[in-house]
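Peer 1: Protein sequence lines correspond, in order, to chains A and B.
Per our numbering, the first sequence starts with residue 1, numbered consecutively.
Per our numbering, the second sequence starts with residue 1, numbered consecutively.
What the hints contain is simulated information worked out from the structure, not anything from laboratory work.
Here a beta-carbon is modelled for each residue, glycine too, at the ideal position from N, C-alpha and C.
Honestly, I wouldn't trust all of these hints.
[Claimed, not checked] Which stretches of chain B does chain A cover? Using the computed rule of at least three CB atoms under 8 Å from a CB of chain A, they are:
no.: 1; segment: 39-51
no.: 2; segment: 78-84
[As the list claims (entries may be wrong)] Computed list of chain A residues with no C-beta within reach of chain B, every gap over 12 Å:
no.: 3; residue: Gln-33
no.: 4; residue: Glu-83
no.: 5; residue: Val-180
no.: 6; residue: Phe-245
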Amino acid sequence: MTGKVVTVTSGKGGVGKTTATANIGAALASTGQKVVCIDADIGLRNLDVVLGLENRIVYDLVNIIEGSCRLRQAMIRDKRLPELFLIPAAQTRDKSAVSPSDMVRLCDELRPESDWILIDSPAGIERGFRNAVAPADIVLVITNPEISAVRDADRIIGLVEAEEKGPARLVINRIRPEMVRRGDMLTVEDVIELLAVELIGMVPDDENVLLSTNRGTPVVLDGKSKAGQAFRNISRRLQGEQVPFMSLEDEGGFLGRLTRFIRPGGS
Amino acid sequence: MSGFIDRLLGRQTKSAYQAKERLKLVLVHDRTDLSPGLLETLKDDLIQTISRHIDIDPAAVHIEMAQDGREQRLIADIPLRPVRRRRTG
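Generate the whole structure from the sequences, applying the supplied hints.
Peer 2: Below, the structure is given as structure tokens:
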């Protein structure tokens with residue numbers, strides 16, 4: 001095995017990096033591939049709670065780097081998805097405890113025994129971001145169809161190029177089709193045109209994401225969720241599969257279909 | 001012209017349209033670290049330099065940033081004044 005390192009980043013906070021990391025990781029692991037998720041947000045760890053593994057943490061990323069535990073000891077195995085592992089961030093330290101070369105060394109150690117290594121980057125463009133991007137083979141930039149998130153994504157895409165890790169691939173998260181239809185939300189096409197990068201996923205805003213986060217079960221495990229489907233599609237595209245982008249319109253029952261029939265238009 | 005069509009179709013009043021137009025400008029300046037003020041200074045310098053060699057109409061000079069994929073371009077449109085031939089002899 002030679003694992004690929006995928007870094008999930010965004011610039012702006014709160015656009016869904018951790019949710020994306022957890023779900024793409026779970027989707028890959030559910031198809032039998034060995035996945036290690038690393039939470040690189042030292043001091044503000046959250047990947048553990050989104051994956052529902054917070055009660056099983058003994059050692060963390062900084063312990064591995066400092067050599068106070070073995071790599072295996074800090075890897076928490078998900079009981080629902082036996083191929084999914086988490087290396088949690090340290091909560092009581094800061095980003096300076098880890099350097100970009102530490103991350104490169106750690107990933108080199110993980111590569112031979114895994115298919116995918118997913119790194120959840122902290123927000124911002126400082127040390128934490130550089131740590132997360134240093135070992136990356138593929139960089140996913142997450143954004144929302146919203147001015148400040150798109151602006152920050154543009155900055156990050158530029159930095160990823162400057163670090164020679166580009167071209168980044170774009171995930172547009174939290175799309176609200178009804179607002180797009182009204183002309184009150186940037187369309188996927190608008191965002192791609194502005195950022196001029198390749199799209200790898202578009203994820204609708206979906207209540208099920210919050211429900212599954214509340215429970216600590218990734219939404220990809222919910223067969224009916226549209227967001228879950230979107231994340232599963234991203235994981236297939238990462239594996240090189242050609243997956244058409246799904247329609248984000250919810251069929252909305254008879255009435256929804258009727259209104260669209262009477263008043264087509266919008267996308 | 002396209003602005004007129006947009007107005008006609010009510011596109012300019014939609015908030016997504018405004019977001020996109022505002023983002024276009026912001027991204028151009030973010031990517032180049034070139035503020036609108038700096039662009040004006042640059043324009044004045046260009047006009048001065050060029051005027052030393054050829055006759056131009058400073059008011060007609062137009063400078064703008066354009067986006068080409070992820071690359072930015074500085075486009076200067078400098079109309080020349082027709083040469084007034086002096087009669088000799």
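Peer 1: Are the hints correct? Go through all of them and say.
Peer 2: To see whether the hints hold, each was checked on the structure:
no. : hint    : result
1   : 39-51   : violated (count 0)
2   : 78-84   : violated (count 0)
3   : Gln-33  : holds, 32 Å
4   : Glu-83  : holds, 36 Å
5   : Val-180 : violated, 7 Å
6   : Phe-245 : holds, 19 Å
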